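There are 2 protein chains.
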Amino acid sequence: MNEIKIFSPGTVANVSCGFDVMGFCLDNVGDEMVIRKVDQKGIRITKIEGFDLPYEADKNVAGISALAMYNALDLDFGFEIEIYKKIKPGSGIGSSAASAVGSVFGMNELLNRPFNKTQLTEFAMKGEAFISKCEHADNIGPAIFGGFILAKSVSPLQILEIPFPEDLYATIIHPQIEIKTADARGLLPTEVALQDAIKQWANLGGLVHGLHSGDYEVIKSALHDVIVEPHRSKLIPHFQEVKEAAIHAGAVGSGISGSGPSIFSLCKGLERANEVKAAIEAIYSKTGIEYDIHVSKINSKGIKILN
Amino acid sequence: MNEIKIFSPGTVANVSCGFDVMGFCLDNVGDEMVIRKVDQKGIRITKIEGFDLPYEADKNVAGISALAMYNALDLDFGFEIEIYKKIKPGSGIGSSAASAVGSVFGMNELLNRPFNKTQLTEFAMKGEAFISKCEHADNIGPAIFGGFILAKSVSPLQILEIPFPEDLYATIIHPQIEIKTADARGLLPTEVALQDAIKQWANLGGLVHGLHSGDYEVIKSALHDVIVEPHRSKLIPHFQEVKEAAIHAGAVGSGISGSGPSIFSLCKGLERANEVKAAIEAIYSKTGIEYDIHVSKINSKGIKILN
Chain Y
1 MNEIKIFSPG TVANVSCGFD VMGFCLDNVG DEMVIRKVDQ KGIRITKIEG FDLPYEADKN
61 VAGISALAMY NALDLDFGFE IEIYKKIKPG SGIGSSAASA VGSVFGMNEL LNRPFNKTQL
121 TEFAMKGEAF ISKCEHADNI GPAIFGGFIL AKSVSPLQIL EIPFPEDLYA TIIHPQIEIK
181 TADARGLLPT EVALQDAIKQ WANLGGLVHG LHSGDYEVIK SALHDVIVEP HRSKLIPHFQ
241 EVKEAAIHAG AVGSGISGSG PSIFSLCKGL ERANEVKAAI EAIYSKTGIE YDIHVSKINS
301 KGIKILN
Chain F
1 MNEIKIFSPG TVANVSCGFD VMGFCLDNVG DEMVIRKVDQ KGIRITKIEG FDLPYEADKN
61 VAGISALAMY NALDLDFGFE IEIYKKIKPG SGIGSSAASA VGSVFGMNEL LNRPFNKTQL
121 TEFAMKGEAF ISKCEHADNI GPAIFGGFIL AKSVSPLQIL EIPFPEDLYA TIIHPQIEIK
181 TADARGLLPT EVALQDAIKQ WANLGGLVHG LHSGDYEVIK SALHDVIVEP HRSKLIPHFQ
241 EVKEAAIHAG AVGSGISGSG PSIFSLCKGL ERANEVKAAI EAIYSKTGIE YDIHVSKINS
301 KGIKILN
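Chains Y and F, in that order, are what the protein sequence lines are.
Per the UniProt record's numbering, residue 1 is the first one in the first sequence, and the count goes up by one each step.
Per the UniProt record's numbering, residue 1 is the first one in the second sequence, and the count goes up by one each step.
Excised from the complex, chain Y in its bound form:
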């Protein structure tokens, strides 16, 4: 096999109470990429469709992660990468992570899997760090492992796969405005009140417990963010209205996806997720702001081969 086509999924990081450490994987939102083994040494990006991104491998997230893996090996051949970008950069649903993961996953498959998922995560993090200015795994992790993950630590890298109820769905609205991850990080305080931090870790502990035990009441009570959302939600038009409408329509929780502007809602069952979608559209369709909206089962598999 010299060529592989893959689907690299979108992901939701932070998940309200899990800033920088929690993330989950989407099912039907993601990029497609083709990775091709070629005689010429090195990494070349040969095609980019969908968005205007750099072709130089060392300036493109997918190229940087690919180079990180390539340079860890001693190969007498190289790879070409084609990127069919569906996730808009700066959307908050893991656009750069999808690119970073796609190249290394595809290369690893073509090489007969010399690396495990944790190692792939480490290579992909090099690519994402180029954009976000720091290494984190809360988008990369769920894209590679699927499901819900807790990126317990970055150094050493430790990704924990958290079980979750089978009928958990997400509704994601992506207002078509761009927020750069690095800018969104700049809004955050460097110090937080100990009492707020205690609330946040109580909620994160509750979320992990609620996911493990499939207890939607506990999940609902845990999906609150007293640290980051108060700052970042100001960047997102109509955030509070959307959140309130989602909860009113039966979502178990709603919050900023990654660094925004996308807003995720978690729901028990597809029907409820569609009702939440309708409630959110009723608000956003009046704003004049263009948007995409998706309903997705939580993707338990993560990135996958398409052919």
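A few of these clues could be false.
Each pair may be met inside one copy or between any two copies, as identical chains are not told apart.
[Claimed, not checked] Simulated pairs of lysine-lysine, BS3-like, Cα-Cα distance not exceeding 25 Å: (1) 234 <-> 297; (2) 199 <-> 220; (3) 199 <-> 180; (4) 301 <-> 268; (5) 199 <-> 117; (6) 199 <-> 126; (7) 37 <-> 180; (8) 133 <-> 180; (9) 133 <-> 199; (10) 220 <-> 117; (11) 297 <-> 41; (12) 41 <-> 220; (13) 117 <-> 304; (14) 286 <-> 88; (15) 59 <-> 88; (16) 5 <-> 59.
No lab work stands behind these hints, which were simulated from the structure alone.
Computed from a predicted structure; not experimentally measured.
Knowing the structure of chain Y, use the given hints to seat chain F on it.
Below, chain F without anything else, positioned relative to chain Y:
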């Protein structure tokens, strides 16, 4: 039944990464109390053995929690309380929680259980707040529910019971010096670095996951405290030596029990817990400081009737 004798267990709060929210229950360390239904209205403490504590119900933790419950009812009789105190006040293993829980648990049994465990926790918190100056449930919760608990919130009170591996044991050393909870709280900063808070909630999420899945490697990687231990450990003689010796002897983690001075270590299996006990005694027996040391299975039942 007009009289009941109960065992009110010691408890370990905080558990390294779970400051103010996590706690677990001990098996063979605790107070005994007798609660007696009597014709005379009101709450009277008629006997205290072990330590010098106030007999006035409204100045004694057990009396205050008993009064909180008593005043919520409209009874034409009263209760007497006898306290056989084994847990030294200020030990850091839930001495005041044991007192606060004992009276309300015993009264509830004599009244044929009008209140559930969460309601008992609320009454008991009134007693403990008299000592610690704020309401928290990380000792009360495990004393009443048993096992490991996450006190997810105080208002409304939400206690989550976290499953844990059956072969989990604790070794507890109690140096015979007193640290008042209120003093230990005074040492803490009101603000913490966001990056430290992130580490702490990643660890707490990891601990909850590790306990749920019985994964001792994950539990070990999670039992770190970057927020509180650096401040409070200074109050505890030879803390670092004890911690290092415990880990070296095979403990999965070691940290301050509650606000100290007791130090807990968690271990897989009784044999390992006894080895950790020996390693800690080898250090503490040379210090000239008197100490108690206990090995306990995690007590899954909590407070219990003795007769």
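Hints, verified against the model:
For the identical chains of this complex, residue 234 and residue 297 are neighbours neither inside a copy (28 Å) nor across copies (49 Å), given an alpha-carbon limit of 25 Å. For the identical chains of this complex, residue 199 and residue 220 are neighbours both inside a copy (15 Å) and across copies (23 Å), given an alpha-carbon limit of 25 Å. Taking the shortest Cα distances, residue 199 and residue 180 sit within 25 Å of each other only across copies (24 Å), while inside one copy they are farther apart (27 Å). Taking identical chains as interchangeable, the C-alpha atoms of residue 301 and residue 268 lie at most 25 Å apart only when both belong to the same chain, with a minimum of 19 Å there against 32 Å between chains.
Taking the shortest Cα distances, residue 199 and residue 117 sit within 25 Å of each other only across copies (22 Å), while inside one copy they are farther apart (32 Å). For the identical chains of this complex, residue 199 and residue 126 are inter-copy neighbours only, at 21 Å across copies versus 32 Å inside a copy, given an alpha-carbon limit of 25 Å. Taking CA atoms no more than 25 Å apart as the test, residue 37 paired with residue 180 passes in neither setting, with 33 Å inside one copy and 67 Å between copies. Taking identical chains as interchangeable, the C-alpha atoms of residue 133 and residue 180 lie at most 25 Å apart only when both belong to the same chain, with a minimum of 11 Å there against 44 Å between chains.
Proximity of residue 133 and residue 199 under a CA criterion of 25 Å is satisfied inter-copy only: 19 Å between copies versus 28 Å inside one chain copy. For the homomeric pair residue 220 and residue 117, the shortest alpha-carbon distance between copies (22 Å) is at most 25 Å, but the shortest distance inside one copy (30 Å) is not. Taking identical chains as interchangeable, the C-alpha atoms of residue 297 and residue 41 are never at most 25 Å apart, the minima being 40 Å within one chain and 60 Å between chains. Within a single copy, residue 41 and residue 220 get their C-alpha atoms no closer than 51 Å, and across copies no closer than 43 Å, so neither meets the 25 Å cut-off.
Proximity of residue 117 to residue 304 under the C-alpha cut-off of 25 Å is restricted to the intra-copy arrangement: shortest distance 13 Å within a copy versus 47 Å between copies. For the identical chains of this complex, residue 286 and residue 88 are intra-copy neighbours only, at 22 Å inside a copy versus 65 Å across copies, given an alpha-carbon limit of 25 Å. Taking the closest pair of Cα atoms, residue 59 and residue 88 come within 25 Å of each other only inside a single copy of the chain (17 Å); across copies the shortest separation is 64 Å, beyond that limit. In this assembly of identical chains, residue 5 and residue 59 lie within 25 Å of each other by CA distance solely inside one copy; the values are 22 Å within and 73 Å between copies.
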